Amino acid sequence: MDNAIIQLNGLTKRFPVGSGYFTALSDIDLSFSKGEFAGLVGPSGSGKTTLLNIIGSLDVPSVGEATVLNHSIAGLNQKQAANLRNHHIGFIFQTYNLLPVYTVYENVEFALLLQKMSATERRKAVMQALEWVGLTDKEKSRPSMLSGGECQRVAIARSMVKKPEIVLADEPTANLDSKNSHHILQTMQKLNDELGVTFIFSTHDEKVMQYLKRKISLADGRVVADELAILSQ
Amino acid sequence: MVAFKLAYKNLIGAGLRTWLNVSVLSLAFVMTIFYNGMIDGWNRQGRNDTQDWEIANGQYWHPEYDRLDVFSIKDSHQPLSAELQQQVSDGWLVPQFIQQASIYPQGRMQSVLLKGIPHDQTILKIPTAPLKTDGDELKAIIGKRMAESTHLKVGDQVLIRWRDKNGTFDALELTIVSVFQCDVPGIDNGQIYIDYDRMQEMMGLENNASLLVTAAEEPRAISGWSFKDTDFLLADLDKMIESKKGGGIVLQGVLLLIALLAIFDTQVLSIFRRQKEIGTYIALGLTRSQVVGIFTIEGGAHSILAALVGAAYGIPFFLYLDTVGLSFGSVDVGVTIAETIYPYYSLGLILSTMLLVVVSATIVSYLPARRIAKMNPTEALKGKIQ
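These protein sequence lines are chains A and B, in that order. Letter by letter, the first sequence follows residues 1 to 233 of the working numbering. Letter by letter, the second sequence follows residues 1001 to 1386 of the working numbering.
Think of the hints as simulated: they come from the structure by calculation, not from any bench. Keep in mind that the hints are not guaranteed to be accurate.
Stated by the list, open to error - Listed next, the stretches of chain A that the computed footprint assigns to chain B, with coverage defined by at least 3 CB atoms under 8 Å from CB atoms of chain B:
id, stretch
1, 16–26
2, 82–95
Said to hold, decoys possible - Here are some chain A residues pointing at chain B (derived, C-beta under 7 Å):
id, residue
3, Val63
4, Gln78
5, Lys79
6, Val101
7, Ala111
8, Leu113
9, Glu139
What the hints assert, rightly or not - Think about it this way: if two alpha-carbon atoms lie no more than 16 Å apart in a straight line, the pair counts; the simulated EDC-like pairs of lysine to aspartate or glutamate are:
id, chain 1, residue 1, chain 2, residue 2
10, B, Lys1005, A, Glu171
11, B, Lys1125, B, Asp1049
12, B, Lys1382, A, Glu171
Note that the coordinates shown come from a computational prediction; the quantities given were computed from them, not determined experimentally. All C-beta atoms, glycine included, are put in the ideal place defined by N, C-alpha and C.
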């Protein structure tokens, strides 16, 4: 794919287990274009999260090549990888991973603090991100005062505030009820449509699958299917 | 700045655990300043008192004079040159003529140092004015310690016996005309002061002195006399202060160690409990060394909070002590010590204590935080203990 922002070629990931190795991903060849709304689908242990971690430069492939936004993941040092994550990649986690001592506003602002933006610019960007997820009235609340759905919306705002090219969402609806799951997914779908951000999910949640434009099925660390979905929404 | 802000938030967010650590650390902080302030206060008072009462800006000794050797005292005196006599008249020198003698209070014999000192001297604080002779009466003043040990008081008469220049014994009744109070045992214990002129008369010697106390800011050498500067004359006090400081370090060290252990423990616990948070920081774009920095600052910030908490209760306490002092009663440890010591808190003491606490707290915070640099962020995100 010419306009691919993520290119995975012959990617294999092995973890040492005892005296041997466990192969989590095996010979993965995939590419993602800008603006995709794709999902890595499969049962637990199929390698979804491992693949997201490599794309997110949190891990490196054992064999093969992972290129994200023209950066070879294996060739990045710690600082370069941190810089890539900070400027270009947003993360959304199953358990939200909000900083408990920070308010909603401060949680969303955190990523911008690392980018050394001015206070005025930060304020504008944070409020815009909170508006996207409909939480402007909760800016002073702490995560402990929010519901699960609200926490995940804060996490979405945090991942989106820096306007990244890629958002990686690892089981984003696993801890949410049906209503909140749909709300979250609709929010992300809207951001994908309006801002052209590439979303890659790891999920085995049927509700998420309904929203995916592309579904990549993994089993035992291998891609078993890669299909464009027929959207029901 | 982000690290400091985050450290502050996390510290306050940790609640009671933070305040317990901060309390112990602030106690170490305040105790260190208190103890060293007291020692420095003692040192300053001791040095000032010794200079005011005994040594001024230095002493010129007869070459054979040794204040610790009673056998050398008898012959350790020499006449003053005309130039020195002039300096005495001008108020730059105070001669002291020192000889051994015996007194017989309540029928007991007691060896004393008989010191002749001009009654009109103004360099030393010793209240010598009452020694002025008016008639045949031999007037003497003694210090409080001497009065207590001999049970002598103002108005008492006591027989004193001495040897004159020929070695002939002579004796007289002397009258205690004043008992002075001072904190310098070196001019008090076992000593009796009489007028310098009367002393010359009793010894059959003119213008002789064992030592000369100088008021000159920059004393110069005098031929035939051995100059002893204030450093030499205050060496005993300095040694005592040093030994007390050394003893204090143990107490302060134990307190600091307890506080640092608490911080270390908190850090270790934090790093194990907050794996997911560490993973999140890395996912948000911090490098592992930046996360190590956050945790180190967080641990080290205990010391900043401790300084603030310590200041909250320490400053009023120190100001109170500065006003009323700390009374130790009348103690005799062989060196100058006031009955009431007023602590002295120098900026250097406060800053060095602060530096010690901050640096040691930061080091013990860094040691466990180093583990973060070896963490696998993907495992950390799952909250797995590594």
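Here's how the hints hold up against the structure:
| no. | hint | verdict |
| --- | --- | --- |
| 1 | 16–26 | violated (count 0) |
| 2 | 82–95 | holds (count 8) |
| 3 | Val63 | violated (18 Å) |
| 4 | Gln78 | holds (5 Å) |
| 5 | Lys79 | holds (5 Å) |
| 6 | Val101 | holds (4 Å) |
| 7 | Ala111 | holds (5 Å) |
| 8 | Leu113 | holds (5 Å) |
| 9 | Glu139 | violated (16 Å) |
| 10 | Lys1005/B to Glu171/A | violated (31 Å) |
| 11 | Lys1125/B to Asp1049/B | holds (9 Å) |
| 12 | Lys1382/B to Glu171/A | holds (13 Å) |
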